[in-house]
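Participant: Here is what each chain is made of, one letter per residue.
Protein chains: 2
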Amino acid sequence: MDTTEHDARTAPAFTEEDARISELLALLRPLADLRAVNALAEWDQNTALPDGAAEVRGAQLATLQGVMHDRWTAPQLGTLLEELGTVVDQPKYRDADRGLVRQTRRAYDHATKLPRGLVEEMARVGAGSFEAWRKAKSQNDFALFAPWLARTVTLQREVADRLGYAETRYDALLDLYEPGMTATKLDALFAPVRETATALLRRIQTEGQPVDASCLEGEFPVPGQMELSESLLRFMGYDFERGQLAQSPHPFTVEFGSPYDVRVTVHPDKRFIQAALMAALHEGGHALYEQGSAPALTRTPVAGGASMGAHESQSRLWENAIGRSQAFWHTRFAHVAEAYPRQLAGVDAETFTRALNRVRPSLIRIEADEVTYNSHIIIRYEMEKAIVNGNAAIESLPGLWNAKYRDYLGIEPESDSEGILQDIHWTGGFGYFPTYTLGNLYAAQIYATLRKEFPDFDQRLAGGDTSFVLRWLRERMYVFGAIYLPEALIQRVTGERPQPEYFTRYLTAKVEETYRLPATSHGHTHA
Amino acid sequence: MDTTEHDARTAPAFTEEDARISELLALLRPLADLRAVNALAEWDQNTALPDGAAEVRGAQLATLQGVMHDRWTAPQLGTLLEELGTVVDQPKYRDADRGLVRQTRRAYDHATKLPRGLVEEMARVGAGSFEAWRKAKSQNDFALFAPWLARTVTLQREVADRLGYAETRYDALLDLYEPGMTATKLDALFAPVRETATALLRRIQTEGQPVDASCLEGEFPVPGQMELSESLLRFMGYDFERGQLAQSPHPFTVEFGSPYDVRVTVHPDKRFIQAALMAALHEGGHALYEQGSAPALTRTPVAGGASMGAHESQSRLWENAIGRSQAFWHTRFAHVAEAYPRQLAGVDAETFTRALNRVRPSLIRIEADEVTYNSHIIIRYEMEKAIVNGNAAIESLPGLWNAKYRDYLGIEPESDSEGILQDIHWTGGFGYFPTYTLGNLYAAQIYATLRKEFPDFDQRLAGGDTSFVLRWLRERMYVFGAIYLPEALIQRVTGERPQPEYFTRYLTAKVEETYRLPATSHGHTHA
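Sequence order for the protein chains is D and R. Residues 1 to 527 (our numbering) make up the first sequence, in order. Residues 1001 to 1527 (our numbering) make up the second sequence, in order.
Quick caveat, the hints were computed from the structure, so don't treat them as lab data. These numbers were taken from a predicted model, which means no experiment stands behind them. One should not assume that every hint holds.
To give an idea of the interface, some chain D residues facing chain R are shown, with a C-beta separation under 8 angstroms as derived from the structure [said to hold, decoys possible]: (1) VAL37; (2) ALA39; (3) ALA41; (4) ASN46; (5) ALA48; (6) GLN60; (7) LEU64; (8) MET68; (9) PHE252.
For glycine and all other residues, C-beta sits at the position ideal for the given N, C-alpha and C.
All chains should be built: construct the whole structure from the sequences, respecting the hints.
Facilitator: Given below as structure tokens:
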């Protein structure tokens, strides 16, 4: 399957014959190359770097970042953006040009508005904060982390003030990851999600038929998991000619020049079969998005995904909507059973799929199911708003965290180590957690559109075909890279601005099916 | 073992308190970082890059090389070199400063004397030449390759003319790989090597007791070979905290910031046990040299080895002088036999070592033994001189090649594919082949010095110890990086300028021992 061919009528392209656009591209392509090489050095740092080389690699990355910063702040680039900004809306330019100017302007503004000293201070505080967090978590002592968190808050507020915002400081941070998103919009999108999740959890606990997930646990040797991961990626249409599957301590997707070099990793767990398989589907979703970006966009800031939320929509669509459906495992389960005949003796596809959909509140976000996952995110979102916009006292945060876990999930951490100190995310900054739940909402909305477009969706999938899904997503979404803002992109793909009801209906149907609850939803059910 | 600690009295350091030296270092360190990142991108290209990403990676490398070229030709650097050139010989500066200025001057001259257009043309001709060579070899048709070789000759002559030389154009090319070396010096160094090799080959063929090397062939599963390679590297003192062992189609050593990140690869061959083991020792020798470079020199052009010849001396010293000795395998062979008990049943360390030293003329350089190896090199050296300095007609070269093989090795290729077209080396340029034989000469001279310093050398080695060798090499040689020109370095290490008799004596003793010939040499014999 050639994944780089697109219909010439729909595939985006720049107006390269325009002198200003071609001048802009001549500045941006080397910058994209440097970014790709920087990403490669970071990937190597995560997968291969010897322990003793940490310092020299740090120097190499700092040099590269310095070279990039000089180019991102070049006056020639500023002048060109000024000039193009006044004309790019004219009809002689294309959407790709407008997206290019918009994305370049964002990066230029970030580079010029945040002084070097502030960026360096953030790196220093990030590193100190990471060390403090590690100690605080191991000693279960939030007080060790608190002063670093306070410094992070101060710096993040300065970032927001320098970048500017319409309503609240938090909007400026959100915009870094999800251009155009605001807390006001998020509040409206998240409220129904929170209510639905709480209600579903109550229904499961009172009326649900228990789900036995024991088939997912056992002894699953790693080579078999790697082979299965590879076969799932092939099934999705991931192109190994332009990618690679590797192992790393945490699964991730990385690209060094989309759509041509997009690599994924998984982290097989000998005791749990689902970790690597679900990671393959999740990272595979990210990777398909990058591999689907139009070749004409390569080596520019509009190659790849539109935002973190848009990206997460594709990992969730492939992992959850498709990859936790009965139709999907109808053909795939046989491969798993064949790889582990002893471990999965007596298990069928339906039991396996139900197990993958088991709901169980836990304290740890990364282990959460589809129902409770968003509660973890919304808790962090609400706390981040309180920290950045309000003036929530740092020392009050562990109590606030615990109270929210009790309210939203009915469980409470026994220690801060498994509560507010559970992960490293607040050693960096704020604003990207919400993109995870946004990704779920976008995914459900796109999934509903797909099912409307293909009334025989489940039959096709259960027949062992995913190519129609990938083709449609490519033509409707992937090919456009970051040309459109995420909100506009979702509207183009689905016909509507993002809204939460697709997700709440999807989740309700999924839970009712998995837990054999009486149907209340009017949404689709799973085949 | 801490490999970064050196005696403060002998470890080199720059006169950083000097304003000009510190300004120079401030320019050079980012350049070293960019070079390291470029090397990383090339390593990834050789070990991991998906096929579809060749073009985008090419663009990334071109961008990096452009950034480096701009910095290497910066007027500020030229001015600084002028100023330092007039004062650096004063006693207030150190050898490290002088080496730094010399090595920087070399790189600056290359960058400024070779115009961009010429460098790009060389890259284009190199790529075209590679394709033509591939076709010519597969069709056994030298005529397909001849016009490309002619273009390479023209370009290499232009390089020589632009860089300048005292005696002949070939000296300018040699100097690229072995600073200070000339054809006149090489002629004197190589003549005894050629004579000794020819004479030894005759003695082996007329009086030698046959060597049975069949124990090296069989079925040797790859994982065991990787474990053995790792254990040999550990035995030599290779530091895995600052390195890594991987597999690749051709073994090589690469560094991304010596002495902190020096990686080696091997290429196990299931049917021949010696390929991976000898590669581990060979690449391990290169790597020990890089890992031994003084930390103070890191991120500068004097970190790492002094020249290709100096580098090759270390790979040959560890692979051949040490790694093909009875004393070495006295303790190591047990590990090989343990890994492959069935394949090596009835084989002892002595038989194994003799097999590793078998001499057999062949047409292919990379498969050659220690006796015939240098004949392959000297043939190429003589031909390169004839091509670059003389005016040897391109079409006459296959005949010349075959005649030399008949003269020096007593065998003649039946086709150009296994003759002049056997490898890709003449698709690039000329001048580096001689460094392989130079490496053998340097290695033997250093080895003789080592044996004089440690009269119980064989006993210690046979007792399972290599640490005394590594320590001595580090203190005498590795720590100085590229501070000294290779000729001066060899004099510092051994007390004498390079000369060929150490090698001819070493080789004679080795052959007499392996083939049980009556001793004629006065050199050491192997325990």
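Participant: Hints broken by the structure, by number, lowest first?
Facilitator: 2, 4, 8, 9
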